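Note that the protein sequences, when read in sequence, are chains A and B.
In terms of my numbering, the first sequence opens at residue 48 and continues consecutively.
In terms of my numbering, the second sequence opens at residue 48 and continues consecutively.
Keep in mind that a hint or two might mislead.
All copies of an identical chain are treated as equivalent in the list; a pair is satisfied when it fits inside any one copy or across any two copies.
[As the list claims (entries may be wrong)] Listed next, the in silico DMTMM-like pairs over lysine to aspartate or glutamate satisfying Cα-Cα at most 25 Å (straight line):
| hint | residue 1 | residue 2 |
| --- | --- | --- |
| 1 | K129 | E78 |
| 2 | K165 | D51 |
| 3 | K76 | E136 |
| 4 | K143 | D173 |
| 5 | K76 | E140 |
| 6 | K165 | D153 |
| 7 | K95 | E175 |
| 8 | K113 | E100 |
| 9 | K165 | E104 |
| 10 | K165 | E99 |
| 11 | K113 | D53 |
| 12 | K143 | E68 |
| 13 | K76 | E104 |
| 14 | K123 | D173 |
| 15 | K76 | E175 |
| 16 | K143 | E175 |
Since the hints were made in silico from the structure, they are not lab data.
Please read all numbers here as calculations on a predicted model, not as lab measurements.
Each chain, letter by letter, is given below.
2 protein chains.
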Amino acid sequence: MFKDVDLVLVGHGSVLPYNEELMETFRRKIERRRLFRSVRIAFLQRSKPSLEEVLEELAATSPGRKVLVLPVFLAKGTHTLKDIPEILESYGENLKIIYGEPLGADDRIVDVLIDRAKATLMAAADGET
Amino acid sequence: MFKDVDLVLVGHGSVLPYNEELMETFRRKIERRRLFRSVRIAFLQRSKPSLEEVLEELAATSPGRKVLVLPVFLAKGTHTLKDIPEILESYGENLKIIYGEPLGADDRIVDVLIDRAKATLMAAADGET
């Protein structure tokens, strides 16, 4: 469907492994849908590869191609409005960068929150009996 | 369904208003389902009220009650494994605190990511024509 687009999912990054694991799971699940030319992950802080590293590699191997950079953040904030755009500016000459929006207040995320709440309370109730 | 439980959604907090707006939207949408005694939001950093403030208020007005603290974070990390549990420890005597898990790699979040990607690419294509 978007076979001319390389997708880069950008996560926050962490000293712990969980953010990387989550991002890799998202990457794999999106890759399986075969919508994009490629699906990569990149991070702002601590975790590797950095967003700069991924964009440099794409600029070197696929100059001039369309790259969709999607922030894997819940809300807009300093990271999505300032940090990521500042990095993207440096690569505009060699790649056609398109920048997306964070997840936002989608009802499907509300459903996930309610499922997490229910599961936690069910487990706590089991522990009491 | 869980009418004996006060739900506290804990967000990261931000100097910008978007994290608060997102959390308030989640709060309102969950409140509408009428599953919990009450639904509140609280923050770790910068935004108000803080998690401490919300737990103090609950301990004062509803001592001994069940409080489900749900981290509104994508992945486990320092905030969910260290910062929040350290705060919760101080309120264990006055409230029955139950602590939940972050959102994680749910397929519904993958669907939201793909929708964000498609919408961004459609808008970019419209801009080109």
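Status of the hints after comparison with the structure:
no.	hint	verdict
1	K129 / E78	neither (28 Å within a copy, 33 Å between copies)
2	K165 / D51	between (42 Å within a copy, 13 Å between copies)
3	K76 / E136	neither (29 Å within a copy, 37 Å between copies)
4	K143 / D173	between (53 Å within a copy, 15 Å between copies)
5	K76 / E140	neither (30 Å within a copy, 43 Å between copies)
6	K165 / D153	both (19 Å within a copy, 15 Å between copies)
7	K95 / E175	neither (42 Å within a copy, 33 Å between copies)
8	K113 / E100	within (17 Å within a copy, 47 Å between copies)
9	K165 / E104	between (43 Å within a copy, 24 Å between copies)
10	K165 / E99	between (40 Å within a copy, 24 Å between copies)
11	K113 / D53	within (6 Å within a copy, 47 Å between copies)
12	K143 / E68	neither (28 Å within a copy, 32 Å between copies)
13	K76 / E104	within (22 Å within a copy, 42 Å between copies)
14	K123 / D173	between (38 Å within a copy, 23 Å between copies)
15	K76 / E175	neither (37 Å within a copy, 29 Å between copies)
16	K143 / E175	between (57 Å within a copy, 12 Å between copies)
In the structure shown, a violation is registered for the earlier hints numbered 1, 3, 5, 7, 12 and 15, in ascending order.
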